[in-house]
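Student: Okay, here's what each chain looks like letter by letter:
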Amino acid sequence: MVQRGQLEHHFDYILSGNATEDLMNFKTIFNHCIDIKYREFYINDVKKGSLIFLNGMVNTKTIDLDIMKQLMDCEENLFKEPELLAEDIKNIVHNKLIYSSQMCWVELFQEIVEHILSGNVALLLDGLKEVLVISAKDWDKRAIDEPATEAVIRGPREGFQETLSTNISLIRRRLKTSLLKMEEMKVGKLSNTEIVITYLEGIVNENLILEVKNRLERIEIDAVLESGYIEELIEDHSFSLFPQVLITERPDRVVGNLLEGKVGIIIDNTPFVIIVPGTFFQLLQSPEDYYQRYFVASSIRFLRLLSVVLSLLLPSLYIALTTYHQEMIPTMLLISIAAARETVPFPAFVEAFVMEVAFESLREAGVRLPRPVGQAVSIVGGLVIGQAAVEAGIVSSPLVIVVSMTGIASFIFPSFQLGLAFRFLRFPMMIAAATFGLYGILMMVLLLLMHMLSIRSFGVPYLTPLAPLRISGLKDVLVRVSWLKQSSNKSEKNKQQMGKPFIRHRQGKYK
Amino acid sequence: MRKQVILLFTVIAMFGMTGCWSRVELNDVAIVTATALDLADRNKIQVSIQVLRINMNNASGGNATVLFSEEGESILDAYRIIQKKIPRHLNFAHNRVIIVGDKLARSGMSDVIEFFSRYRDARGNSYLLATKGKAADLLKIGPSFEKFTAEEIREEQKAKVIDNVSLREFAYRLLEGGIEPIASQIQSVPSSDKALTSSNNDKKKQNNEWSLALVGVGVFRKDHLIGWMNAEEAECLLWFRNKVKGSVITTMLTGDKRESGKLSVQIMKSKTTIKPKLQEEKVSFDVRVEMIGDLYENTTKLSTNSLKNLETIQLAVEAEIQSRIKSTVKKLQLKYKSDIVGFGRMLHREHKKEWNERFEKRWEQEFPHVKVNVTAHFKIIGTGRINDSLTWEERDFKK
Chain A
262 MVQRGQLEHH FDYILSGNAT EDLMNFKTIF NHCIDIKYRE FYINDVKKGS
312 LIFLNGMVNT KTIDLDIMKQ LMDCEENLFK EPELLAEDIK NIVHNKLIYS
362 SQMCWVELFQ EIVEHILSGN VALLLDGLKE VLVISAKDWD KRAIDEPATE
412 AVIRGPREGF QETLSTNISL IRRRLKTSLL KMEEMKVGKL SNTEIVITYL
462 EGIVNENLIL EVKNRLERIE IDAVLESGYI EELIEDHSFS LFPQVLITER
512 PDRVVGNLLE GKVGIIIDNT PFVIIVPGTF FQLLQSPEDY YQRYFVASSI
562 RFLRLLSVVL SLLLPSLYIA LTTYHQEMIP TMLLISIAAA RETVPFPAFV
612 EAFVMEVAFE SLREAGVRLP RPVGQAVSIV GGLVIGQAAV EAGIVSSPLV
662 IVVSMTGIAS FIFPSFQLGL AFRFLRFPMM IAAATFGLYG ILMMVLLLLM
712 HMLSIRSFGV PYLTPLAPLR ISGLKDVLVR VSWLKQSSNK SEKNKQQMGK
762 PFIRHRQGKY K
Chain B
7 MRKQVILLFT VIAMFGMTGC WSRVELNDVA IVTATALDLA DRNKIQVSIQ
57 VLRINMNNAS GGNATVLFSE EGESILDAYR IIQKKIPRHL NFAHNRVIIV
107 GDKLARSGMS DVIEFFSRYR DARGNSYLLA TKGKAADLLK IGPSFEKFTA
157 EEIREEQKAK VIDNVSLREF AYRLLEGGIE PIASQIQSVP SSDKALTSSN
207 NDKKKQNNEW SLALVGVGVF RKDHLIGWMN AEEAECLLWF RNKVKGSVIT
257 TMLTGDKRES GKLSVQIMKS KTTIKPKLQE EKVSFDVRVE MIGDLYENTT
307 KLSTNSLKNL ETIQLAVEAE IQSRIKSTVK KLQLKYKSDI VGFGRMLHRE
357 HKKEWNERFE KRWEQEFPHV KVNVTAHFKI IGTGRINDSL TWEERDFKK
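Sequences listed follow chains A and B, in order. Count along the first sequence from 1, then add 261; that gives the number in my numbering. Count along the second sequence from 1, then add 6; that gives the number in my numbering.
Please keep in mind that the hints were generated in silico from the structure rather than gathered at the bench.
Here are a few chain B residues that face chain A, going by a calculated C-beta distance under 7 Å:
hint	residue
1	21
2	29
3	31
4	32
5	60
6	97
7	99
8	100
Backbone N, C-alpha and C define an ideal beta-carbon position, used for all residues, glycine too.
Whenever a hint applies, use it, and build me the whole structure from the sequences.
Tutor: This is how it looks when you write it as structure tokens:
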């Protein structure tokens with residue numbers, strides 16, 4: 262009986278073997294659940310039985326043709342023998358009647374309820390203290406299409422979707438080896454969300470798997486609606502701004518990381534797969550780096566590093582240079598900036614701050630709004646902020662260039678999560694620049710580096726392999742060296758790079 | 007948690023308590039582009055600064071700069087008086103040109119160097135120039151190409167047509183034994199015939215009828231200006247420093263009818279080595295100049311197709327180089343007795359012991375008497391688009 266205040270499934274019922282009685286128990290449990298359907302029947306007027314299933318999550322055709330029809334059409338004297346034992350009945354049903362590849366006998370009430378809730382069909386038969394659970398899962402799914410957040414020019418266009426089994430198959434299709442392991446867990450007291458931990462045996466560090474399992478097991482939460490819940494609950498430093506796990510919608514990216522000895526966590530009902538441990542430079546990589554020619558890919562990686570610096574520092578450099586260090590701007594440029602700033606009534610900091618806030622608002626508005634309205638936002642933003650504000654003399658045009666360059670730089674981040682961190686950090690940077698000039702920027706950068714150096718993701722330092730430095734690891738960080746030049750067994754190499762992860766046994770609960 | 011809250015408050019308080027001590031908005035800055043220094047009466051110093059007047063539409067004409075001039079006991083004193091007249095904070099960091107009038111330069115540059123090496127806003131790489139007459143007058147001349155005069159002077163200096171020094175280099179030369187400072191000489195010159203005929207007043211000067219030109223080099227002994235070298239000699243000084251950027255040598259050829267005429271070559275590459283030789287008590291220097299260049303003008307009837315003729319040309323140019331260097335060195339030794347080339351420095355580098363023992367103290371007396379041997383090597387690497395001059399008949403050429 263589900264008691265108030267106690268949100269866990271806990272049942273005292275035991276299967277009695279009497280189909281009518283058991284059915285009554287189920288009906289008590291699923292009271293007021295209109296999506297649970299019951300189908301009672303008699304097999305050849307002798308055997309009473311019933312089917313219990315969730316409407317909308319099962320394929321009714323399977324139930325009708327492969328279960329019901331078989332039970333109804335069976336030979337008349339199949340159950341007529343009076344001396345039938347429970348074993349015999351099970352045997353008959355199992356081997357002669359039901360057309361299904363996935364079924365099993367379950368004794369525990371609790372388990373049966375879980376099976377029913379995840380879309381299986383339960384078959385109750387008189388005289389049996391077990392229930393046959395038959396898989397007939399089928400519900401409406403989104404088609405596999407290109408991931409919206411990680412589009413590539415060259416590379417597979419498949420993205421994960423919300424169904425766990427489909428996602429698993431997408432990974433398995435890329436690694437046809439028995440070494441690819443998938444282990445199932447359940448998280449969420451009410452949501453009972455299925456989670457699959459996947460890794461490549463022999464490549465992954467055993468301790469890492471243990472730690473991942475350990476952290477997942479410790480999760481105490483009512484429901485998991487998105488991978489973000491899990492990420493926050495298992496990461497090492499939830500107080501940090503930086504994402505410490507890799508989130509991806511692309512199966513090829515998951516597989517690439519599994520090959521490097523990482524662990525993937527696939528969560529039901531979300532297209533986002535978590536990859537741990539996540540490092541800073543990994544978050545700056547795109548799967549396309551590995552598909553394009555390596556010279557191009559390497560130069561694009563440098564471009565990304567540049568954009569990291571720009572998106573973090575450009576507005577604050579503008580503030581610091583124009584208000585503290587005018588001597589550092591080339592004379593002619595200074596004259597142009599000074600001329601543009603001549604009519605601006607605000608200090609450079611206020612000017613930059615307002616523009617950055619305006620830009621961030623525009624971006625946020627653009628994300629949330631439906632597409633037709635989004636266009637209106639961009640027109641308003643481009644016109645009002647870009648042009649009218651400059652013409653009215655409220656902001657200077659060099660600042661508009663600075664803000665838009667910062668904006669473009671922040672769009673280059675392949676990981677949206679990392680981009681968010683830098684978007685936020687820009688503001689403290691600007692405050693530091695406005696109060697201490699370049700010195701303030703330097704201090705903030707130092708603080709930031711100290712933080713980044715101090716955090717670890719599942720035992721792996723965040724800035725690996727740059728700090729601690731592993732020369733061989735650099736082949737795939739700042740540049741992408743040709744496959745010919747990389748170690749033939751890339752995964753083995755990477756395992757070495759990660760070293761022996763220092764596993765932090767975190768105390769306390771994940772809440 | 008409590009610790010974190012305290013930390014947060016400390017950080018916030020830190021930002022509030024800075025007082026923004028050196029923060030200046032760009033709207034409140036007046037950019038100084040050039041400084042002119044003159045000696046005024048009663049030993050006062052006259053500082054003139056050219057300040058940019060920034061407005062949105064510079065293109066609409068009008069002068070982009072304003073000249074402020076004030077006398078004071080010291081440079082900073084005058085500078086402060088100017089600051090009182092300007093509503094904006096003077097920013098000296100973009101000053102790239104310092105012009106010193108000859109009165110001040112002759113009376114000694116040490117005060118100027120002292121101030122500008124101490125003043126932390128001043129750039130070490132700003133150019134130091136000297137002029138005959140008042141330096142302040144030069145800053146009144148309007149620019150013809152750039153936005154303001156200082157930029158024009160800077161560009162002219164960068165072209166390296168004649169030898170120049172930065173503030174830092176001037177100080178180094180002053181401090182180092184065996185080399186004396188110089189400063190490029192800048193004068194106002196009429197840019198057209200009209201300027202000469204019209205009355206010479208300030209208004210005309212701004213109307214682009216006068217322009218600034220580098221005409222030579224001021225020669226210093228210690229920190230005193232003692233005289234001037236003309237442009238040709240100043241170019242020679244560049245050869246000594248291996249800093250040639252497209253200098254042109256023109257020489258006359260005399261000989262039979264077909265051989266006489268003018269030859270101009272442009273130097274592409276130049277390398278000068280000065281080798282001091284110490285024989286017993288006597289010091290002598292071997293100057294070896296190696297240049298390669300293109301033939302640019304040839305009014306002789308020498309056919310450039312023949313190697314023999316090219317050799318003749320090369321020899322003529324070599325002779326010209328030699329004589330130029332010799333006359334420059336002679337002028338320095340006899341007229342000014344100032345070693346601005348740095349022969350003493352070379353001697354110091356090569357023969358440290360002897361320099362310290364014998365020459366350091368009395369190099370000034372020694373320098374006019376040292377022997378300087380010059381050898382020049384010139385090689386033509388190109389003769390331009392044509393071989394023989396087009397205007398002559400084939401038979402006229404000397405093959």
